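Chains X and Y are the protein sequences, given in the same order.
In terms of our numbering, the numbers along the first sequence are unbroken and rise by one, the last being 427.
In terms of our numbering, the numbers along the second sequence are unbroken and rise by one, the last being 427.
Think about it this way: if two alpha-carbon atoms lie no more than 20 Å apart in a straight line, the pair counts; the simulated EDC-like pairs of lysine to aspartate or glutamate are:
hint	chain 1	residue 1	chain 2	residue 2
1	Y	K358	Y	E390
2	X	K359	X	E264
3	Y	K397	Y	E410
4	X	K404	Y	E249
5	Y	K359	Y	E264
6	Y	K404	X	E249
Hints were generated in silico from the structure; no laboratory data involved.
A quick note: this is a predicted structure, and the numbers were derived from the prediction, not measured.
There are 2 protein chains.
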Amino acid sequence: MPAAELIELWRGNLQEGVHRGHAVIHDGRDIMAAWGDPDAIIFPRSSCKMVQALPMMESGAADAAGLGPEQLALACASHNGSVQHVEKVGAWLSGLGLGEHDLRCGCHKPWDKAEATRLTCSHHAPNQLHNNCSGKHAGFLTWTQHAGVGPEYVEIDHPLQQAIRQATAEVAGEEPAGVGIDGCSAPNFAGSISGLARSMAAFANPANDARGRGMGRLVDAMRAHPELVAGEGRACTELMRAMGGRVAVKTGAEAVYIAIIPEKKLGVALKIEDGGTRASEAAIAALLVHLGMLDEAHPIVGKLLRDPMKNWRGIEVGGLRLAPGFPGHSRVA
Amino acid sequence: MPAAELIELWRGNLQEGVHRGHAVIHDGRDIMAAWGDPDAIIFPRSSCKMVQALPMMESGAADAAGLGPEQLALACASHNGSVQHVEKVGAWLSGLGLGEHDLRCGCHKPWDKAEATRLTCSHHAPNQLHNNCSGKHAGFLTWTQHAGVGPEYVEIDHPLQQAIRQATAEVAGEEPAGVGIDGCSAPNFAGSISGLARSMAAFANPANDARGRGMGRLVDAMRAHPELVAGEGRACTELMRAMGGRVAVKTGAEAVYIAIIPEKKLGVALKIEDGGTRASEAAIAALLVHLGMLDEAHPIVGKLLRDPMKNWRGIEVGGLRLAPGFPGHSRVA
Numbered sequence: 095m096p097a098a099e100l101i102e103l104w105r106g107n108l109q110e111g112v113h114r115g116h117a118v119i120h121d122g123r124d125i126m127a128a129w130g131d132p133d134a135i136i137f138p139r140s141s142c143k144m145v146q147a148l149p150m151m152e153s154g155a156a157d158a159a160g161l162g163p164e165q166l167a168l169a170c171a172s173h174n175g176s177v178q179h180v181e182k183v184g185a186w187l188s189g190l191g192l193g194e195h196d197l198r199c200g201c202h203k204p205w206d207k208a209e210a211t212r213l214t215c216s217h218h219a220p221n222q223l224h225n226n227c228s229g230k231h232a233g234f235l236t237w238t239q240h241a242g243v244g245p246e247y248v249e250i251d252h253p254l255q256q257a258i259r260q261a262t263a264e265v266a267g268e269e270p271a272g273v274g275i276d277g278c279s280a281p282n283f284a285g286s287i288s289g290l291a292r293s294m295a296a297f298a299n300p301a302n303d304a305r306g307r308g309m310g311r312l313v314d315a316m317r318a319h320p321e322l323v324a325g326e327g328r329a330c331t332e333l334m335r336a337m338g339g340r341v342a343v344k345t346g347a348e349a350v351y352i353a354i355i356p357e358k359k360l361g362v363a364l365k366i367e368d369g370g371t372r373a374s375e376a377a378i379a380a381l382l383v384h385l386g387m388l389d390e391a392h393p394i395v396g397k398l399l400r401d402p403m404k405n406w407r408g409i410e411v412g413g414l415r416l417a418p419g420f421p422g423h424s425r426v427a
Numbered sequence: 095m096p097a098a099e100l101i102e103l104w105r106g107n108l109q110e111g112v113h114r115g116h117a118v119i120h121d122g123r124d125i126m127a128a129w130g131d132p133d134a135i136i137f138p139r140s141s142c143k144m145v146q147a148l149p150m151m152e153s154g155a156a157d158a159a160g161l162g163p164e165q166l167a168l169a170c171a172s173h174n175g176s177v178q179h180v181e182k183v184g185a186w187l188s189g190l191g192l193g194e195h196d197l198r199c200g201c202h203k204p205w206d207k208a209e210a211t212r213l214t215c216s217h218h219a220p221n222q223l224h225n226n227c228s229g230k231h232a233g234f235l236t237w238t239q240h241a242g243v244g245p246e247y248v249e250i251d252h253p254l255q256q257a258i259r260q261a262t263a264e265v266a267g268e269e270p271a272g273v274g275i276d277g278c279s280a281p282n283f284a285g286s287i288s289g290l291a292r293s294m295a296a297f298a299n300p301a302n303d304a305r306g307r308g309m310g311r312l313v314d315a316m317r318a319h320p321e322l323v324a325g326e327g328r329a330c331t332e333l334m335r336a337m338g339g340r341v342a343v344k345t346g347a348e349a350v351y352i353a354i355i356p357e358k359k360l361g362v363a364l365k366i367e368d369g370g371t372r373a374s375e376a377a378i379a380a381l382l383v384h385l386g387m388l389d390e391a392h393p394i395v396g397k398l399l400r401d402p403m404k405n406w407r408g409i410e411v412g413g414l415r416l417a418p419g420f421p422g423h424s425r426v427a
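Okay, chain X solo, but in the shape it has when bound (with noise of 0.2 Å):
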């Protein structure tokens, strides 16, 4: 099946623009709901971070480590790289006996404004903790060290990397149809939207058992650390501030977005397929408030898909518009 209309773009009174992608909600058996081609493979990127940190909780590694939910929630984050994640990270590492030095993530320039704007100013380069990824590479220190492994857990062939892959196909139901590398280096699991899905209806109703019991605290993680997993000003952050720890979200690079519903027992994936993240962002706002999970007249609802846009004098110039036949196009659009 093709890709499906999703979002529009109109300017005045014209379409300006169109993003097509795929979606689909999952209940961990079947496929309750799906938009273009549940069966397309995509790269999940980060939105399966809590997918590559089951190891570290399955392992005991997290509780040897003593991590609480701080960590549980950066491990399954891309942070802005603000001082608290930085710090996070780094308290986090030296808790370890590691530091910046052993990631292997890379650095980048942090997306929080504030800090951005400290190091750009005071002539500074940006280091590995401000790499959006350095909370999820902090947990994969945590994991190696309790294993008693080498320290290059990013090559694909490394014990943790071909056990995050057994635990990718068996949560998703299905073997990997590829893998590629990641910004951040690590090894990037492709599969259907499909089984992307399935995989976080099982994060939403986890079986009694050390897997299920470490989905459920990475979810809970992520819930009561909005701030964590994203940062001010993020869809991630304010979305699930929205829904008040109700539901955790998450988005990927190249347009990806996933939502655990436990309240519903379900799981939500979708992809964009020109990796417009706006599209992104605006999708999964519509599924949730779509699910009745997030209130419609809530300001983020309008912030990521029913505000009209504004030009640089302020004058109103088109916006964002659910297609025809996309969950909640009547009543959101």
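Since the structure of chain X is already known, use the hints to place chain Y on it.
Frame of chain X; chain Y shown alone:
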């Protein structure tokens, strides 16, 4: 006809995404080649600034104000707001006896990194001269002063915008399909992608009349001053330099790109439906290689299309590819 797949994004050995759109090569009479739907209605956005400058040329306003090639290039520019752009547009306004406060484009942070850093670290706000459209608006004011009409030149019923509407329809050979308000508050007339390509063919092969002479001077100015049309590091500037000034190219917001090729008497227009600039830049590079105007071995073709995409640690993770059927697929991909 639907949009055609033009540019693919690959990660490892799997396709991660795709950008669809429309592209037309026009000789002024007929469509020479097309991908997607040549009748698709688009907003040209900033890609049509040379059309918006025609009233200033035809009316004699440009000559009355003594404008040279630098000002004409700036009138067609989406510039970086670097010091030289700001100073040259400021001097132009001063020569008219006007100032920054007469502009109606609004303010945004300049794209030029040095100037943006200077403003941020000195706690200064950008002014309207930093707006990428300030040169176009200086051209608007040049016409307005010459015509002795009111200062609210971006209102849709202002004589300038009506003159632009007429010029737009005449060079495109079609009535505008509608109008929207651009980021800089100027009206932007929607039309077919083939009409935009036809307009650019007219600039490539201008008639020997007041309009045609104006067209030729604008194209010559763009080709002579690529650094003023965009700025250091920008695709428009680097592409025009790479082609030795033989071709004028111009980008527009939401992934529009045009090319004016005088020596072939051809116009090119393309639009990526999702607004992805990485795809519009890769697609125009591919078309220019396909047309024999750009050396496929030039570094700019690598930068925009062929070079591997590297992550934060410099590891090659994937890259862009031409979709099957898009020109130069076999040669450039």
